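Could you build all of it, start to finish, from the sequences and the hints given here?
Just so you know, the sequences run in chain order A and B.
Counting in this note's numbering, the first sequence runs from 43 upward without gaps.
Counting in this note's numbering, the second sequence runs from 4 upward without gaps.
Mixed in with the good hints, there may be bad ones.
Computed Cβ-Cβ distance ranges for the label pairs, DEER-style [said to hold, decoys possible]: (1) A:VAL46 <-> B:THR52: 36 to 42 Å; (2) B:PRO139 <-> A:ARG63: 22 to 28 Å; (3) A:ASN203 <-> B:HIS17: 51 to 57 Å; (4) A:GLN315 <-> B:GLY141: 53 to 59 Å; (5) B:ARG147 <-> A:ARG63: 22 to 28 Å; (6) B:MET5 <-> A:ASP229: 37 to 43 Å; (7) A:ARG63 <-> B:TRP138: 16 to 22 Å.
Example chain A residues on the side facing chain B (calculated, C-beta under 8 Å, incomplete) [stated by the list, open to error]: (8) LEU88; (9) LYS92; (10) GLU121; (11) GLY124; (12) ASP270; (13) TRP278; (14) ILE334; (15) ARG358.
If you are wondering where the hints come from, they were derived from the structure by calculation, not from laboratory data.
Model, not experiment: these values are computed from the prediction.
Yeah, the Cβ is synthetic: ideal placement off N, Cα and C, and Gly gets one too.
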Amino acid sequence: MSTVIPIGPYHPLQEEPEFFRLHVEGERVSSLEIELGYNHRGIEKLAESKSWDQVVFLVERICGICSTSHPAASVNCQEDIGAIIAPERAQYIRTVICELERIHSHLLWVGLAGHFLGYNTVWMWSWKYREIVCDLLEKITGNRQSYAMFKAGGVRRDLDNEDIPGVFDALDQLKPVVALFRGAIHDDPVLHARLKGVGVLSPEDAHAYGVVGPTARASGVPIDVRKDDPYFAYGWVDFQMIVRDEGDVYAKAMCRVDEIEQAVLIIEQCLKQMKPGAIDIHIKEIPAGEGIGRAEAPRGEVYHYALSDGSNFPARYKVRAPSYTNILSNEVAVIGESVADAALILAAVDPCYCCTERLTVIDSVTHQKETYRQSDLLQLSRAKTNALRERLLR
Amino acid sequence: MMHWDQIKTEIQTHLGQQVQRWREHNPRRIYIDIHPDSLLSVAQFLFETLSARFIIASGVDTPRDCIEVLYHFDFQGLPQVLSLRVAVPKSRLEVDSLAPVIKGTFWIEQEIHELFGIVFKNHPDMKHLLLPEDWPEGNYPLRRDL
Numbered sequence: 043m044s045t046v047i048p049i050g051p052y053h054p055l056q057e058e059p060e061f062f063r064l065h066v067e068g069e070r071v072s073s074l075e076i077e078l079g080y081n082h083r084g085i086e087k088l089a090e091s092k093s094w095d096q097v098v099f100l101v102e103r104i105c106g107i108c109s110t111s112h113p114a115a116s117v118n119c120q121e122d123i124g125a126i127i128a129p130e131r132a133q134y135i136r137t138v139i140c141e142l143e144r145i146h147s148h149l150l151w152v153g154l155a156g157h158f159l160g161y162n163t164v165w166m167w168s169w170k171y172r173e174i175v176c177d178l179l180e181k182i183t184g185n186r187q188s189y190a191m192f193k194a195g196g197v198r199r200d201l202d203n204e205d206i207p208g209v210f211d212a213l214d215q216l217k218p219v220v221a222l223f224r225g226a227i228h229d230d231p232v233l234h235a236r237l238k239g240v241g242v243l244s245p246e247d248a249h250a251y252g253v254v255g256p257t258a259r260a261s262g263v264p265i266d267v268r269k270d271d272p273y274f275a276y277g278w279v280d281f282q283m284i285v286r287d288e289g290d291v292y293a294k295a296m297c298r299v300d301e302i303e304q305a306v307l308i309i310e311q312c313l314k315q316m317k318p319g320a321i322d323i324h325i326k327e328i329p330a331g332e333g334i335g336r337a338e339a340p341r342g343e344v345y346h347y348a349l350s351d352g353s354n355f356p357a358r359y360k361v362r363a364p365s366y367t368n369i370l371s372n373e374v375a376v377i378g379e380s381v382a383d384a385a386l387i388l389a390a391v392d393p394c395y396c397c398t399e400r401l402t403v404i405d406s407v408t409h410q411k412e413t414y415r416q417s418d419l420l421q422l423s424r425a426k427t428n429a430l431r432e433r434l435l436r
Numbered sequence: 004m005m006h007w008d009q010i011k012t013e014i015q016t017h018l019g020q021q022v023q024r025w026r027e028h029n030p031r032r033i034y035i036d037i038h039p040d041s042l043l044s045v046a047q048f049l050f051e052t053l054s055a056r057f058i059i060a061s062g063v064d065t066p067r068d069c070i071e072v073l074y075h076f077d078f079q080g081l082p083q084v085l086s087l088r089v090a091v092p093k094s095r096l097e098v099d100s101l102a103p104v105i106k107g108t109f110w111i112e113q114e115i116h117e118l119f120g121i122v123f124k125n126h127p128d129m130k131h132l133l134l135p136e137d138w139p140e141g142n143y144p145l146r147r148d149l
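The following block contains the structure:
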């Protein structure tokens, strides 16, 4: 008997509504349909009526979690059009902000995944440590989110040298946190049973769908804009690209935890290598031409393409966020998995979290309808974790 | 991993005839103009033979009598972004779909279809992606004339 399970589209906790329709044979998912467009804000059209300077602020509002990734791609794009090179100190400051954001974004995901699995301690701890990073960002930029630091040709505010020892102290507090979460995931047999071999995305499918970020790297595809097409200060610091071969939810989780550690190392190097100097070259205009800007967001490559006719406004501004490619790959990753795992797999690509506000089961034969709320889905997922826990304890 | 010079030679050897214009904005950003009729074979060569990664496609309305579509690709471990540009005439807004070859183009072709009015031939499902199903016919939000 075939059953259709719609998941979404709205959830009060997230800014990216999506609608998933799961086709289920018994307990197993046989196919997945995804619908977008519930929150189409027309950013690309809007960008055509904003000045180049304003575009950076506009794209900062695309994502509420990785709010600096789009400005990063945007300044790379504008600097590509005009062959502009920002001062060295500005490049280091940009890198520090991007990596702090990666840490808080990954901690947010770890917390939500923990909550979803029934590990609420992980959720509380993870978000507690995320506060350290948000406080740091507030200290450096004045804002916990949407930092408004980037502009073509530099940054808007300098990093105060007096703040730097405090940043090092905060980073020292984070180091044991990474070890804590790595140990918690690595040493827990229930998590192994719950996450390993679940929602596997093969390297071939990763290539076919063009997935990016931890979703690609956890499937053995070594791509990272920071390494492949170095921007900002990434070419001047040492760090490791985290790649795993398993392709499952476990690999995606470990990939993110290890990336937090690398982010800490990058920030420390930036702060040590940074010299006093100019932070902005005060460009006057963006010349006519076209440009491409890329940046490695916590979820993967952000890609901007812009066309300039030499005026103060872009003639065309194209944005591609990483979730655009990652979410579509769910249509293969979720096949053959159970309903209890489906929502976890959808969330594993970190699409700013899957929408599980409301879930309706429609029996396609009898057309009977049953409505599940978010709590029911959570219960389903946690019940599976508990069953595994009990079985392993026996 | 192939070196960029090897990839460039492969493209020029196998696709030399189809390339109308080769422009290097800088060593990392390469734009190639091709005829819409050769799009499918060129994209297939890049994606399957050279293992290029499809990044995204961008539709661009021009003041001329065509709408441009740029297909952006890159290669694992290399900084280069290769953008294939096809100029689709406004008198006949049709071009081959890449979705049967590259699954990652499925959504963006739907999006360009609804925002610019280009029809992608052989696309498995040419429906709306972002705009509502009852969006009025013939209104294309990213056209210059709207």
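Quick rundown of the hints versus the structure:
| no. | hint | verdict |
| --- | --- | --- |
| 1 | A:VAL46 <-> B:THR52: 36 to 42 Å | holds, 40 Å |
| 2 | B:PRO139 <-> A:ARG63: 22 to 28 Å | holds, 26 Å |
| 3 | A:ASN203 <-> B:HIS17: 51 to 57 Å | holds, 55 Å |
| 4 | A:GLN315 <-> B:GLY141: 53 to 59 Å | holds, 56 Å |
| 5 | B:ARG147 <-> A:ARG63: 22 to 28 Å | violated, 36 Å |
| 6 | B:MET5 <-> A:ASP229: 37 to 43 Å | holds, 41 Å |
| 7 | A:ARG63 <-> B:TRP138: 16 to 22 Å | holds, 21 Å |
| 8 | LEU88 | violated, 11 Å |
| 9 | LYS92 | violated, 15 Å |
| 10 | GLU121 | violated, 11 Å |
| 11 | GLY124 | violated, 11 Å |
| 12 | ASP270 | holds, 6 Å |
| 13 | TRP278 | violated, 15 Å |
| 14 | ILE334 | holds, 5 Å |
| 15 | ARG358 | holds, 5 Å |
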